[in-house]
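Residue numbers (our numbering), protein chains in the order written: chain A, 1 to 383; chain B, 1001 to 1392; chain C, 2001 to 2332.
It should be emphasised that the hints constitute simulated quantities derived from the structure, not laboratory data.
Among the hints, a few may not be true.
[Said to hold, decoys possible] Derived contacts from chain C toward chain B, CB cut-off under 10 Å, selection only: (1) Val2016; (2) Thr2076; (3) Trp2132; (4) Phe2176; (5) Ala2186; (6) Tyr2269; (7) Met2297; (8) Arg2300; (9) Gly2308; (10) Lys2329.
[To be verified] Here are the in silico distance ranges between beta carbons for each label pair: (11) A/Asp16 <-> C/Pro2218: 46 to 52 Å; (12) C/Pro2013 <-> A/Ala332: 29 to 35 Å; (13) A/Gly183 <-> C/Ser2247: 41 to 47 Å; (14) C/Gly2046 <-> B/Glu1306: 58 to 64 Å; (15) B/Gln1137 <-> C/Gly2046: 47 to 53 Å; (16) B/His1233 <-> C/Arg2038: 27 to 33 Å.
We put the CB at the ideal spot given by N, CA and C, even for glycine.
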Amino acid sequence: MTSPREVAVVAFAQTDHVRATDGLSEVEMLLPVLRDVLGQTGMAAGEIDFTCSGSSDYLAGRAFSFTMALDGVGAWPPISESHVEMDGAWALYEAWVKILTGEAETALVYSFGKSSAGDLPEVLTRQLDPYYVAPLWPDSVSLAALQARALIDAGDTDERALAGIAARSRESARDNSHAQLRGSEPVDTLLRGDHLAQPLHTHDVAPVTDGAAAVVLAAGDTARRLSDNPAWIRGMDHRIEAHSLGVRDLTDSPSTRLAAERAGLFDEAAGPPDTAELHAPFTSQEVVLRKALRLGDGDHTAVNPSGGALAANPVMAAGLIRIGEAAARISAGASRRAVAHATSGPCLQQNLVAVLEATPAGAATGTAAGTAAAADGSEGDPE
Amino acid sequence: MNGTVSKEPVAVVGIGQTRHVAARRDVSIAGLVREAAVRALEDAGLTWADIDAVVIGKAPDFFEGVMMPELYLADALGAVGKPMLRVHTAGSVGGSTALVASNLVSARVHRTVLTLAFEKQSESNAMWGLSLPVPFQQPLLAGAGGFFAPHVRAYMHRTAAPDHIGSLVAFKDRRNALKNPYAHLHEEDITLEKVRASPMLWDPIRYSETCPSSDGACAMVLTDREGAGRAPHPPAWVHGGAMRSEPTLFAGKDAVSPRAGSDCAADVYRQAGITDPRREIDAVEMYVPFSWYEPMWLENLGFAEEGEGWKLTESGATELDGDLPVNPSGGVLSTNPIGASGMLRFAEAALQVRGQAGDHQVEGARKALGHAYGGGSQFFSMWLVGAEPPAS
Amino acid sequence: MNPAPAQEALHAPLVVEFPFTRSLGPVQSAFLTGLRERTVLGVRAGDGRVLVPPAEYDPVTAEEIRDLAEVGQTGTVTTWSWNPAPRRGQPLARPFAWVLVRLDGADSALLHALDAPGPDAVRTGMRVRIRWAAERKGEITDIACFEPHEGPEGGAEAGADGPGERAQPRAHDGQFPGEAVTGITAPARLDYVYTPGRAQTRYLNALAGHHTLGERCPECRKVYVPPRGACPTCGVATDEQVEVGPSGTVTSFCIVNIKAKNLDIEVPYVYGHIALDGAGLALHGRIAGLPYDQVRMGLRVEPVWAEGGRYPDHYRPTGEPDADYDTYKELL
């Protein structure tokens, strides 16, 4: 939905993403990021009204793995806190809703993932239908390759175009000091490489990454106080699709399209976004997302200027990082209107879309509020 | 906190749960959650199309061996094309999940939300899921009860509570469960003597003072004021809800009466305008996995002064016909599908103020507290529900 | 102060393995029982489509669906990918194609493996047929894989192998001779590498020399044993090492009368919380060296090490007078 209350990203921090941390526990990896993001706002954890995190026990290989990460927050005196077993983008969504209720003015959101702990494509097989599919152990790369093949068959892309996405993303990451893969061989060189899972080459697949990220959200005047250039969340929505790959059209992402519509991305008055940070761990998924988000192939939108998940993919944090990167670009004055996207599940089953904007010139004191659209098109019931 | 934001009142208009048992071998995981969800929809007089979003919670994914099982459950819960959120806050998760759903309505993001929590523990083995061996770590030498038993001993030491209090709680909760057709344990021939004669597993905790391991699910439909007006049965209204967390282990932690618990209760009472919980609250569903936690939580939640909780239990006040009935449903001691246990507390509190608790109905209940906790007594979630809409 | 030294972090394999027992419900039960009997069942959705494998709930309307229908054993590849290096647990040990196959008569596709000599032998739209496993027990792997198939849709070359292909699904009551399959066992093993992190590595390395090193928080000055990398109340890194113990005080305990599956300790024994001298909080351990019913809060104890043990085997009384409650009540 579009936001009935002004809420902005006022700080964002992330680790320097790596293939495997040098012997750090999750909390040791996370701690500097939390210090960084709180330091940007000058707030202590105790001054934050609500904290929400996202992580996965299956990624860590341990039950209740999020409980020890809480050590890095400094939750004393006790804090108002929650956790989603999802990418941190959904933790941010929960925190955004908490602020919309009026019960919080500020929120700390964080997420972390050490994908290096296990064999990531194998771990992700445990997400699949436990009766018909998981017993076959189909790895995530093979499933993404099925989707890529469907796109090629439909004429939506080809292996060269996919290599172009890989090269563009990693070249963009040259300017991102946090990225794991910075720079790319030219497309012709890439195409001479072996397939990882035909039609996907190694370059089409996100790296395995350890990393963490954190964001601070704030409402209205608090946001203006904490940041010179808050990145206002104009709308945010997420949708899920059927689970079985065999009932879905893998070349399309209706859940992304619907979430984007609800988040106000297609508002004609606002115009297209100048920036898109898309959570596409496979080149082929960018093709699907561009179509669903109506980004086209033109130059009006810079897609994944950070390099995206293809340059660093800390699972459980990679979606939150897309929102953080989009916001950082707005705060740096490099974007006026950006779309950020996060995904979860096999072949883009679940998708979240956030629309962020800079404060319009001459509207620094609150007239920038989004339309106060009521929930799901209702009339509302003002008191 | 912000005068310009007025929250939408939230009503519980549908409640459903499964008949909880050790192993539901007749259904899939989807079939289990579906059963609770359909009952909640029927109670609310709604169909799948009326639901705007689904918020689901459960404890660790290892219990069923499915990573982020909400992905697989999207179809069974009618979530296709809708938002679906998955909460995990350890043992408090059932409560936290309901609160996340409640926030979606109170923020007017959605009008009607289905929230559900479950555990199908028979897919694996709870002790395996709870104690995966982690390299280098000193193994817990005592099992789940052994983790909590030293805290119980500390409570007994601190308050000079007599030894038999725990057995009173277990006897009461198991008798209450006989009046709850959904409860897992139905010990028709339970006697206080049997509880006291049951084996001492982790002294001071006896076998009959511990919770079972259950398969089960619980679901609720939450809606806004307008939705409540259309509901076929009286709603329960959310008067306050809060979560509080503190670290797992830290210097100065009070494991007997954690501050996160008392802070959480205080926040809920403030929202609900409760100043004297003992007098103003008519029924309590609190998370009591080992019997002694009843007197401990009575103090932590402000129903008794420090050191006096056991006296409240001993006096019979927490019996079904007492003046502060605690766990009229039979509680966690009688039913424990871990991820759903917290939501069952929240849902049972709502059933009480709706007057729909059947044989375990507390006469005239108007305000009830639902309480859940988890981790090393570190995560708390609570809500207070009432028969009347909140004053706004 | 003693700043913490840099040390190579410890690593160890962590295996998460369990044979999950899954009950099926009626639709999945019929499907898997059917596979055992070399019959493929789908289910009819609200819009008339036949879903194979059969869903329990309609992905469009969310309604429960139960109308079973038998479909063919040949089908068409709707998309595919090549798997050059099969992993543990996958259907074939040699390189194969993953395929989504729409069986004849079905409207959705089933994921499985296709046995083919190489990627050049696979294409979208190709015709394939089920290769049944020699021994079938009512699992998705009763379909060993698919194999290329020459022949038109709905062809009549059923042969002795089964009921053959039919383009039109035929209503089926889900009943088969023999006992219905009502559950599956799904063994799952995942291999991880675990690191306890740098702070715990420092602690564990010192413990090998029977020294217990806590770490002090630079803000609140509390000493954490074992250190976990951050002071959990202040949210800052701990890095000043402080040796604590070796003696300590029993702050609370329980008497364990139930034998744990994975522990070789005779019951009854005492499991206690022990605050080592100088530590800001208690750790846990077994208390022995005196009759179990004489263990008490405030008992002073010291560690007893066993050959090769990473942690003290247990703690025994030091013989000192019991500690006063006030000295440890903050450490409970």
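Hints, one by one, checked against the model:
The restraint placing C/Val2016 at the interface with chain B holds, with a minimum CB-CB distance near 6 Å, inside the 10 Å limit. The interface hint given for C/Thr2076 is violated, since its Cβ lies 24 Å from the closest Cβ of chain B, which is over the 10 Å cut-off. Because the beta carbon of C/Trp2132 sits about 24 Å from the nearest beta carbon in chain B, more than 10 Å, this interface hint is broken. Taking 10 Å as the C-beta contact cut-off toward chain B, the hint placing C/Phe2176 at the interface is violated, the least distance being around 18 Å.
Of the supplied interface hints, the one on C/Ala2186 holds, with its beta-carbon coming within about 7 Å of a beta-carbon of chain B, less than 10 Å. For the restraint placing C/Tyr2269 at the interface with chain B, the shortest Cβ-Cβ distance is roughly 8 Å, inside the 10 Å limit, so the hint holds. Look at C/Met2297: its Cβ gets to within about 6 Å of chain B, closer than 10 Å, so that hint holds up. Look at C/Arg2300: its Cβ only gets to about 17 Å from chain B, farther than 10 Å, so that hint breaks.
The criterion of a C-beta within 10 Å of any C-beta in chain B is not met by C/Gly2308, whose closest approach is roughly 14 Å, and the hint is violated. Evaluation of the C/Lys2329 hint against chain B yields a held restraint, the C-beta minimum of about 8 Å falling below 10 Å. For A/Asp16 paired with C/Pro2218, a C-beta distance near 24 Å fails the hint of 46 to 52 Å. Checked against the hint of 29 to 35 Å, the pair C/Pro2013 and A/Ala332 fails, with Cβ atoms roughly 44 Å apart.
Checked against the hint of 41 to 47 Å, the C-beta distance between A/Gly183 and C/Ser2247 comes to roughly 58 Å, which is inconsistent with it. The supplied range of 58 to 64 Å is met by C/Gly2046 and B/Glu1306, whose beta-carbon atoms lie about 59 Å from each other. The hint said 47 to 53 Å for the Cβ distance between B/Gln1137 and C/Gly2046, and at roughly 51 Å that hint holds. Between B/His1233 and C/Arg2038, the C-beta spacing of about 50 Å breaks the proposed range 27 to 33 Å.
Violated hints, in rising order: 2, 3, 4, 8, 9, 11, 12, 13 and 16; the structure is consistent with all others.
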